[in-house]
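S.K.: Okay, here's what each chain looks like letter by letter:
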Amino acid sequence: MKIHNTTGGRVFDAANYLFLSLVGIVTLLPFVYVFAGSFATEAEITRRAFFVWPEQFSLGSYEYIFSTPAFTRALITTVLVTAVGTVVQLAFTVTMAYPLAKKTLRGRKLILSLVVFAMVFSGGMIPTFLLVKDLGLLNSYWALILPAAINPFSLIIIKNFFQELPAELEESAKMDGATEIGILWRILLPLSKPVLATFALFYAVGIWNDFMSPLLYLSDNSKWTLQMYLRQVTAASDLLGTGNVDPNYIPPEQGIKFAVIVVATLPILIFYPFLQKHFAKGMLIGSVKG
Amino acid sequence: MAAPVVEAEASGRAASRPPARERKNAKFSVHFAHYKWLYLLLLPGVLYFAIFRYGPMYGVSIAFKDYVPFLGVNGSRWVGTQHFEDFFSNPDFPRLLGNTLILAFLNLGIAFPLTIVLALLLNEVRLSILKRTVQTLVYIPHFLSWTIVASLSFLLFALDIGPMFQFLNNVLGTNIDFLSDPAWFRPLIVLQEIWKNTGWGTIIFLAALATVDQDQYEAAIIDGAGRFRRVWHITLPGIRSTIIVMLILAIGQMLNTGFEQIYLMTNALNRDVADVFDTYVYFVGITQGAYSYSTAVGLFKSLVGLVLIFGTNWLAKRFNQSGLF
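Chains E and F, in that order, give the protein sequences. Residue 199 in my numbering is what sits at position 199 of the first sequence, and the numbering runs on without skipping anything. Residue 1071 in my numbering is what sits at position 71 of the second sequence, and the numbering runs on without skipping anything.
Just so you know, the hints here were simulated from the structure itself, not pulled from any lab data. All values reported here derive from a predicted model rather than from experimental measurement. Treat the hints with care, since some could be wrong.
[Unchecked claim] Below 27 Å or equal to it, Euclidean Cα-Cα: the simulated DSSO-like pairs (lysine-lysine) are:
1) E:K277 - E:K193
2) F:K1131 - E:K103
3) E:K174 - F:K1131
4) E:K193 - F:K1036
5) E:K109 - E:K174
6) F:K1131 - E:K277
7) F:K1027 - E:K103
8) F:K1131 - E:K109
9) F:K1036 - E:K109
10) E:K277 - E:K174
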């Protein structure tokens, strides 16, 4: 289609392109500032209000945090919990999605409606906390994984995906004497790799970013995750909402905060291109209907 | 259809995989034996929902009890609606309701329209490299944790040394500590929400915009309609149902102010304007141990949320739009 662009249209285009470029840059600026600041000296951070390139390059902040046991422990913990948690959550979701994709399975409708109800109504923070406590999971890393083991939205999207796979694939495998579990493991999972990779990433991001679960369930600060550590480092002690101001408290240097933020953000940025490739599609097939 | 006939048919064929219609009517034990592997696969997920989703729903009963940890959920004494009465007569109630609603309306009134505007502007871009680059950039913040967003805010607005602190105070000619000044709590929350989620929110609108009939634009151009008239008369009506559905979702989620965001930005100085239902439940329930009372507060919030979701959905259907359910 040929669009006749008027002068007014061209002015609009120019203004629009300029504006959107600015939106993009402004979105990015906080990262650039923090990234630059993490490689700057403390003196430069205090002296210069804003910069995107340090005058004097320094690895001091990183050397400091990686020599701090509390930080390295939190980092390793978070990496491990994210890895194990992603596998567990994906396994729970896939094993439940597969039977639910079989329209002839009895009880399927009931289970699906219970799943949908769980999307719009939940017991809430306190009953969930008490349940985790009664199960003896307080201060256990399982408390960060199990209560969120299945995301109902992901479950339904994966179920719909299985449902749309051609039935002939399974029929022929059944002829060869494969069990349902064999079919799932050897035929469906390899076919669903891209979809599963997408949901694995979403689960991983969810666990990595989770602040509420460790806040609720990990009172032992030697078990803290990176998000908890980040919170402690970046919030000024008198602003933590506790009302207790410790007169001996020495706030951490700015550069250290910058470096911790960079470490907590980096994995997300590294995986972002993979996420971006799939998420728009994932959101669109995510309709609950049908 | 009579069951024995079906059984006879099924055994007559001696098939291990009877056709679907017959399977539907077969005895459950036969059905179960046939599908045993599938039921086995279903088990972990069903247990998960029973324990971690429906368990807490049962636990909600402590909202009507005087919960004592030692006695457990079942052993604790019933007190009826005592906790609800306490909450509604507590001066905290109007304050929480006000704070929650103000934040919700600020988000609905500012962040929501901004999302649509950004989607419309992106949709007008014909330079695909620019469009893709801007999209890539504005989606990123959605994937960052609220802890990171809050930490970035603490650094940018830090007293005396933060770049935003210096910039804004220079422009305004003031000396405001944005992080502790209660008057700046809400603007900061809305600003964070815009930075984190506006870009992400455009995805659904861009998808809807892609489905708007292109022939209509051609006809409009022939009729001499300019850029803005085309947007007003074709584009916006074309995505009206998407806007309404997203608005329904947003209104249904109105009371979910986002525990993490608010908690992270709450401090001793801004508590009066910062407290919302979710953070109140945490402070009263977890840190002060008033389990039953805080569960009642949470239940009140969930029920109102449920009414909002179904109510707005019903409204949308009445206006002849596609509802959600």
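S.K.: Any of the earlier hints contradicted here, and which numbers?
M.R.: 2, 3, 8, 10
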